[in-house]
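K.L.:
Each protein sequence line maps, in turn, to chains H and E.
Whatever position you read off the first sequence (first residue = 1), add 1 for the numbering used here.
226 is the number that the numbering used here gives to position 241 of the second sequence; each next residue is one higher, with no gaps.
Since the hints were derived computationally from the structure, they do not count as laboratory data.
Only true hints are included.
DEER-style ranges, computed between Cβ atoms:
1) 63(E) to 4(H): 35 to 41 Å
2) 99(E) to 284(H): 26 to 32 Å
3) 285(E) to 70(H): 16 to 22 Å
Using N, Cα and C, we set each Cβ at its ideal position, and we do this for glycine too.
Take a look at the letters that make up each chain.
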Amino acid sequence: MPRPGFVLEVDRSTPPILTWHGEGFRLERLPAERSRVIYAPEPVAALDDPDQAVQDALLHPLGDSPPLPDLLRPGMRLTIAFDDISLPLPPMQKPDNRQRVIEAVLEMAAAAGVDDVVLICALALHRRMTEAELRHAVGDRVYDSFAPHGLLLQHDAEDPDGLVHLGQTDKGEDVEINKRAAESDLIVYVNINLVAMDGGHKSVATGLASYRSLRHHHNVKTMRHSRSFMDQEHSELHSSNWRMGRLIAAAGVKVFQIETTLNNDTFPKQMAFLQKREWEWSGRDRATYLATSKSLSRTPPKLARSIFQSIKAPHAMTGVYAGEVEAVHAATTAAVYEQQLVSVEGQTDVAIFGLPHVCPYNVNSIMNPILVMCMGLGYLFNLYRGKPIVRQGGVAILSHPTPWAFHPVHHPSYIDFFEEVLSETTDPIEIEKTYEERFATDEWYRHLYRTSHAYHGVHPFYMWYWGAHALEHLGDVIIVGGDPAAVRRLGFSPATTLTDALEMASDTVGRHPTISHFHCPPIMLADVS
Amino acid sequence: MAGVPRLPGGAPPEKRLPVSMERVRTGTAPALRAARRLLKPPPSPFPYTSPTWPDSVPREPAERDLGVDYDTDWARRYPARVARLLLTEVVATPAMAALADPQVAGLDRIAHLDGPVVFAANHASHIDTPLLLSVLPEPWRHRTVVAGAADYFFDTKLKAAAFALSINAIPIERLRVSRTSANRAAGLLQDGWSLLIFPEGGRSPDGWGQPHKAGPAWMAVRTGRPIVPIHIEGTRNILPRHSGRIRPGTTHISFGRPIRPVEGDDPREVAARLEAAISALADEHTTDWWTARKRAAAGTSPELTGPGGAGAWRRTWALGERGRRSRRPAGGRWPKL
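Make the full structure from the sequences, and use the hints.
P.N.:
Structure follows, in structure tokens:
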């Protein structure tokens, strides 16, 4: 029986706490009697037979959807869309959930005699995936069957001939999605739900959308009104996607949604100490920690990055739900909450977030300073329900090397955003108003997005907006162990050690502040009362 | 008292004198006499040999310990398992990698399985068994018994012991219906051992598959364990039947989705599903997965048994590249005159 999440009140007997620091980690001693550590629940049990579970889900769908075989017939146009490389994190060990589900769907399509089948990677404005990444996601069998015939596509949000405008929501939001998908007799969407924000109408309304459509909810206003975007009831991002999803359905686009949930088993056995509570470390765990941290401190950053990027998580499927989009997503969200929710009482003055090596936008890439901000203030800060773990006007302390480094192929517009925009202002409103359109419509970025493996020109803006709620909420942000120049460019304060950072934080929140250490990964969701 | 012990009241032991050259020459020395006795043929075979059996006395039925009755329990005890582990990892696996260059696909389909399973593969060559054992993943890699033909692998004690030790073979009756061997295999499955079996009952004579026997399906139905269909391609080109010459090549091994029989299933129907699954794997190897699935769904997967009723040459012709094994000697050697 997996143990639920746990909040440890730190006292003098508490051992130092593991704190992620990019491609490495540190043991940090927290001030006694005023600090707490929030630990994730242990991984819930995996499904005994995931393939059978997928079959059952397709045959017994939720909501008012008929079973999948009843929706398939010879001569129809079937589009199978699936999540891109941003999910799950780290990438899961083979076989990926997407492969299991897509194979099951195709088995049924084959039995029904469906010939016109196209697979589309729903990457929105993310970078195109490489062949190896696609093979990992859908499996060699599917890749070899479809890619050579041009039937495994990656969504192109800038293809004027490949998009169709379906109308506007009652709030005036344009809904423009992939034409092939919209004109299909059926879209089967295959999702991996890592956090509560994923899935539901967001799958099609965001994953297969264009910039024209996305800008209606990927903006500062929406982000500031999503508290948090992991909490559907209080997320403007969620509401906007739901409005768009309902318009898509009203336009006659039929979607059969398949969502899968994972447990939070994040690291392979050899690195089990990374998801254990420190006082439960065995001799082996301690030896592994020492060996790993000592050798990483002597490893060149490039090599360390490639070692960490090669980690494949032993995530296991814990649930699969299929059918009508909203009914499916309700079941999925409940399963995600069951795995991730941790009850936390009240807020503290300071929150410490150790940032790991990977976020949704640097898989097989570099976590550049903008992504450091997005990971810390966009994702980890927002992993709450109710209210943030740190009080209004409090301080967030991020731990990450924050190198002044960018992947030139994946993040070309990030480089210019960092050099041109952040050197002028870090105010999200000002950035949105003055610079967004120029980057979003830049022909060179558009060309790289469509033909290379580059994120869209507007993507670094979205990363900045992702942290807009935290920027508004917090009194100060301090980055421990980061490149001081890069940290200052972000508008944050650099600190050499955690002790220094806490000392600096006291300038904002007063002496002897209360502290929360968010022990993530594994991913969790703080249910703050 | 030091020296030679004396019995109370007994005579002193005889003092041994050196053997004289005279006694050696005449052959009366004791050692020579013993050697001569050993070398000299006995006056009659019996009792030095076993006695002949009088025809008038009926023979007791001989206790059979070969063939299907060969007891392989010893080969599953720890000393034999350790020896086999070394043999597999140090000899068989590197040898198969060098000879057969195995390209393995579909392991993800069995990744979530645990406990014993029945591995059922098509069979074209003697190297099928070591090849499969060299690519089987954990937890089955060192806990699998191999069904070997009782009449072929267990007909002499030496062969029986060698195959039981090296590949963990157990004897299976293939020429007639026998519950003994099937029950033994089912018992081993229930004890946690997986079973590797070739449902065709023997190697392919011409490169095409042979009709499946229902034995593996019967065992799976009886024990409730899943059957993993496996398709092997390429081993016939390396070592075909009736050939002693090995030619290195590339092999492709595809693991299929497990078939899970439930109690009450008809073994013949399960056997048919297994045969269809292996046919679909073969189709997948030559085309692609999607094409193979569509044909499997439509029941039009090419049959593994090849064109029925066709002449031998047409069957060979239809094999295409799969059946090609050049008869031309490498290097253009001169014929032996």
